[in-house]
Amino acid sequence: MLMATAAQAQPYVPPDFYSEPYKNPIGWFANQGQLINENGQPRSDIKFSSVGCVPKACLAKNSQVYFLTYEHGATPADPVTVMQVSMRPVGKARKVDPQGVAVKDWYQNFYLPQTAPAGASQVPGYSRVIYEGIYNAIDMHFYSGSGGQKMSFVMRPGANPSDLQLLFTGQDSLKVDLWGNLKVYYNGQYYILPQAVAYQVGTGNSIIPVNWTATYSLVSGGGVVKFNFSTYNPALPLVFQVGALPSTTPPNTENLCWSTYLGGTNGDQVNASTVDEAGNFFVTGYSLSDFLTIPDNQGMALINGGQVIILAFFDPDYHLQWLTYYGASGTDQQANAVVTRGSGTNERVYIAGYTTGANLYPKVEAGAYNLKPYLPGTIDEPSSPNFA
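In the working numbering, the protein residues as written are 1435 to 1822.
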């Protein structure tokens, strides 16, 4: 008996109306434990969150989308106000989960307290995320162009555009301005969803404009938005594309090759960095955050609670090997320069800065990161560069 299994078909991806490529710095990265709510609880319902665009788009299970903006206080100690507006399809809508397509050529690492003990490393990003089948034959896409992030509703043959209804919650009000843009107001500010561009796709992915505009229509009762439309060819895909017009600024050809988060829920500052002969990368500055150890060191003690000098070591593959700290307790201090001398096991790392404290730590204290546990009082030095 011969048995065969068919590969899962990829969702249909129409061409962009302006034939724009994806903007590389913008992407939607998988949630591997780095996302938490204001109470420190994991947001496992969110599958992807955006980087490189405002507002931040968090794409969750069950066709739920969250748009977030952040308002920071005057000092690191001040609270951060998060403004959230939610959007989901309603009416005949289905509850589906998003899936990432078009994997990006760079990834992110998250070394945060909530990702301890090993961190969330090599988190993949995607240039497009699709909610397939939010209605019969209708998909919802998130992607990007030169002007920023975009959202499209892709109606395959057999779809009914009248089914498409979006419920917004969390805002103060919704308005359609004179230019046809949807404005979502919150606390005296607003998001803009530009007027949708409507088009169809023909043979060979050719773009066929229609002679009408997919304008927004507010449904009485509050919070629900529909699209107005006119005649079209039901045998061809129909797309409502929402997003900024193409930028007139020449595109940036410098591609981001690596990105990471290092810090916690309070102020963290990198003041200097250097690369040694082997390609290892060192950064230094200060931290006001609490942080946890990783498996390469004994224990999982919560470190910090006050401002300390930090020094982090990444190997040539961009993995964090250790993060150590230095200074005095309960005082103002930071490092502003870092250099390396020597190589291999004879390499030394030097930092320079200042402290206002008088009780400097005599050595790296228990709880700092090391490539392997350091044995005080011996010459069994770590195989990584030594902190001087």
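Please keep in mind that the hints were generated in silico from the structure rather than gathered at the bench.
Predicted, not measured: the structure shown is a model, and the values here were computed from it.
For every residue, glycine included, the Cβ atom is placed at its ideal position computed from N, Cα and C.
One should not assume that every hint holds.
Stated by the list, open to error - As a list, the in silico DMTMM-like pairs of lysine to aspartate or glutamate whose alpha-carbon atoms are at most 25 Å apart:
| # | residue 1 | residue 2 |
| --- | --- | --- |
| 1 | Lys1490 | Glu1454 |
| 2 | Lys1526 | Glu1454 |
| 3 | Lys1617 | Glu1505 |
As the list claims (entries may be wrong) - Listed next, with one range per pair, are the computed distances between beta-carbon atoms:
| # | residue 1 | residue 2 | range |
| --- | --- | --- | --- |
| 4 | Val1658 | Asn1621 | 39 to 49 Å |
| 5 | Gly1713 | Tyr1795 | 37 to 47 Å |
| 6 | Gln1703 | Glu1472 | 19 to 29 Å |
| 7 | Asn1621 | Leu1794 | 40 to 50 Å |
| 8 | Ala1571 | Asn1645 | 51 to 61 Å |
| 9 | Thr1637 | Asp1724 | 22 to 32 Å |
| 10 | Asn1570 | Asp1724 | 44 to 54 Å |
| 11 | Gly1656 | Gly1764 | 19 to 29 Å |
| 12 | Gly1764 | Pro1551 | 32 to 42 Å |
Taking each numbered hint in turn, which are not upheld by the structure, reported in ascending numerical order?
2, 4, 5, 8, 9, 11, 12
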